[in-house]
Amino acid sequence: MALTTEEYQRLLQTAKKLRHHIVDITMKAGGAHIGGGLSALDILVALYFKYMTIDPADPDNPDRDRFVLSKGHAAIAYAPVLAERGFFDKKLLDDFNKFKSPFGMHPDANKITGCDASTGSLGHGLPIATGMALGAKLQGKKFRTYCMVGDGELNEGSNWEAAMAGAHFKLTNLTVFVDRNMQMIDGPVEEIMGLEPLADKWKAFGWEVIEINGNDIQQVAEAIEKAQKATEKPVVIIAKTVKGYGVDFMENQTQWHYGSLDSELAEKAHKSIDKVYATLGA
Amino acid sequence: MNKEITGTTWTVYDGNTLTQNEIYGMTLCELGEKHPDIVGLSADLAKSTKIGIFQEKFPDRFINVGIAEQNMFGIAAGLARTGLLPFVSTMAAFTSMRAAEQVRTDICYQNLNVKIIATHGGVSFGSAGTTHHATEDIAIMRSFANMTVIVPADGIETANAVRAAVDWPGPVYIRTGRGFEPNYYTSEDYGFTIGKSVEIRQGTDITIIASGITVLQAAEAADFLKKNHGLSVRVINMHTIKPIDKEAIIKAVTETRRIITFEEHNVIGGLGTAVADVIAQSGKGCAFTKVGFPDVYSEVGYPEDLYAYYKLDANGIIEKVQQVMQKDFEEDENWDDEF
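Those sequence lines, one after another, are chains Y and F.
Take 1 as the starting number for the first sequence in the numbering used here and just add one per residue.
Take 1001 as the starting number for the second sequence in the numbering used here and just add one per residue.
These are computed hints drawn from the structure, not numbers from a lab.
Be careful, since some hints might not be right.
In silico contact screen, one side only, chain Y against chain F (beta carbon under 8 angstroms); selected entries [as the list claims (entries may be wrong)]:
{"#": "1", "residue": "SER121"}
{"#": "2", "residue": "PRO127"}
{"#": "3", "residue": "GLY135"}
{"#": "4", "residue": "GLN139"}
Now the in silico label distances, taken between C-beta atoms and shown as ranges [said to hold, decoys possible]:
{"#": "5", "chain 1": "F", "residue 1": "TYR1309", "chain 2": "Y", "residue 2": "ASP95", "range": "49 to 59 angstroms"}
{"#": "6", "chain 1": "F", "residue 1": "GLU1199", "chain 2": "Y", "residue 2": "ALA204", "range": "58 to 68 angstroms"}
{"#": "7", "chain 1": "F", "residue 1": "GLU1033", "chain 2": "Y", "residue 2": "PRO62", "range": "16 to 26 angstroms"}
{"#": "8", "chain 1": "F", "residue 1": "PRO1036", "chain 2": "Y", "residue 2": "ASP55", "range": "24 to 34 angstroms"}
{"#": "9", "chain 1": "Y", "residue 1": "HIS168", "chain 2": "F", "residue 2": "ASN1315", "range": "49 to 59 angstroms"}
{"#": "10", "chain 1": "F", "residue 1": "PRO1294", "chain 2": "Y", "residue 2": "GLY157", "range": "28 to 38 angstroms"}
{"#": "11", "chain 1": "F", "residue 1": "ASN1146", "chain 2": "Y", "residue 2": "GLY281", "range": "42 to 52 angstroms"}
{"#": "12", "chain 1": "Y", "residue 1": "ASP95", "chain 2": "F", "residue 2": "GLU1199", "range": "34 to 44 angstroms"}
Chain Y stretches covered by chain F per the calculated footprint, using a threshold of three residues with CB under 8 angstroms from any CB of chain F [unchecked claim]:
{"#": "13", "segment": "112-118"}
{"#": "14", "segment": "156-166"}
Note that CB positions come from ideal geometry on N, CA and C, so glycine has one too.
Next up, chain Y with everything else stripped away, as it sits in the complex:
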């Protein structure tokens, strides 16, 4: 096991707290991409609360690890993660989506402390992360770059340009997560524009593929530790996730790609989250 029982409990508690926070912000914001935020959250928690070399007191340190949220619409999960990690006061998130807030549906790196790239338009994050990993290599720096892409996002051709380059330049300092939640706006990914065999596609592009359950923090941790030891090929972690994970009425529901919550629904969501974590022993 990559995580000790203690670490696993700590990360579970963090993820639980963040899920509650995400529900609260979604309600205040009047709506958010909560489905894809909740599917991505456990990977963000493992990265930001265990594996990334970062310091909220020195957010621009040139040697810090980088993270690019290519599926920028998961900002509803990403911004609370950065706040919880100490990059800024979480009260700021009360204005999510509101006039002149630094926090909109998609993250703006020039406005959000701790955010390494402005994203939102799909298919842009992986090339940027590739540039960061190349930048580390060119400067002999040891930092690692992590990037998360959505599965539907992989329809965009620019990802595959970057996939080609990542393998060509042997970017073992780059780790990509595919948040494989199987849903896109218009329906199931495999129905709208199928990606399977997805692992074979990445392998054919020269990547090492690890397949996990991306909502199981222990599995996420193991995959990250394996990826950190890469010496030949860049690693892609295809993380099978549940869109809306933790909130029963949102899980795997296409319509919860973007949704809003009134206080009644929010209460139901909070109860569902507590129930899920009770079964997980947290």
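Using the hints provided, position chain F relative to the given structure of chain Y.
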């Protein structure tokens, strides 16, 4: 490179022997010595864009991404985020259209220090045809907030622009030709400053505002018109399209009352439009015409034939200037007498 480039020693010989993009490549090498953070990027056009000269000198600071412009500009953004200073080169058409969103969203929106040298601007790749012509790039690039847009008159001005871009914060788009264009400048010491135009001919009857290849042609046309028609033609080299030199334009409005722009670009959205914006907002009237590609896709042919056809060579400029000299404009406050 056997010849040492010191930075201020371009000679007439260099200017006449080297193409615009070769001078760019050599200038970048010279800057690479002083700035270890400069990295070069190409999308399988290292030879055509002449950034390959930099590659030869600094192989470890050069990245060829293959034929993948979107990825290249995304990578450039990532490199800039790690503290490097990327110089990215591909053709103007692919920079401004294939990778427009990466330039806008990854580079300009994040206000990153990425310098773009877009070659084969306008119809400089003549016989290659419309797919390889860029007659929209200036309109596209100047609409991106944070972007600075420069269209150097020739190779010598390209050297000046590339050097100035290093010290100029944020993204810069420098548009060059294919490299076979003749030089206007014989020396680089004429006071090049980003955002400040250069008055290369003094005049009081009419002002020509030119950029890129039309600068040399406008100078020749002005000399001809003075000698043969006694016309006093002011010529402004508006090398920076954004931020545009408003002061020089308003001065031309009040002092010459006739303005004509010449650009290797669609008449919509480029130099002429930028100048028209300033004139319209000045509250002052003048006779005004913009010359470029008249909202058409350009024909195939050698560039010199295309420049002649679209009235962008000296003969075309002479003809257009004479037309504008016939145009009426309101001389006083009484508008009724004109109608």
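Results of checking the hints against the structure:
no. : hint                                       : verdict
1   : SER121                                     : holds (5 angstroms)
2   : PRO127                                     : holds (2 angstroms)
3   : GLY135                                     : holds (3 angstroms)
4   : GLN139                                     : holds (7 angstroms)
5   : TYR1309(F) x ASP95(Y): 49 to 59 angstroms  : holds (57 angstroms)
6   : GLU1199(F) x ALA204(Y): 58 to 68 angstroms : holds (59 angstroms)
7   : GLU1033(F) x PRO62(Y): 16 to 26 angstroms  : holds (23 angstroms)
8   : PRO1036(F) x ASP55(Y): 24 to 34 angstroms  : holds (26 angstroms)
9   : HIS168(Y) x ASN1315(F): 49 to 59 angstroms : holds (50 angstroms)
10  : PRO1294(F) x GLY157(Y): 28 to 38 angstroms : holds (34 angstroms)
11  : ASN1146(F) x GLY281(Y): 42 to 52 angstroms : holds (50 angstroms)
12  : ASP95(Y) x GLU1199(F): 34 to 44 angstroms  : violated (51 angstroms)
13  : 112-118                                    : holds (count 3)
14  : 156-166                                    : holds (count 6)
When each numbered hint is compared with the structure, a violation occurs for hint 12 only.
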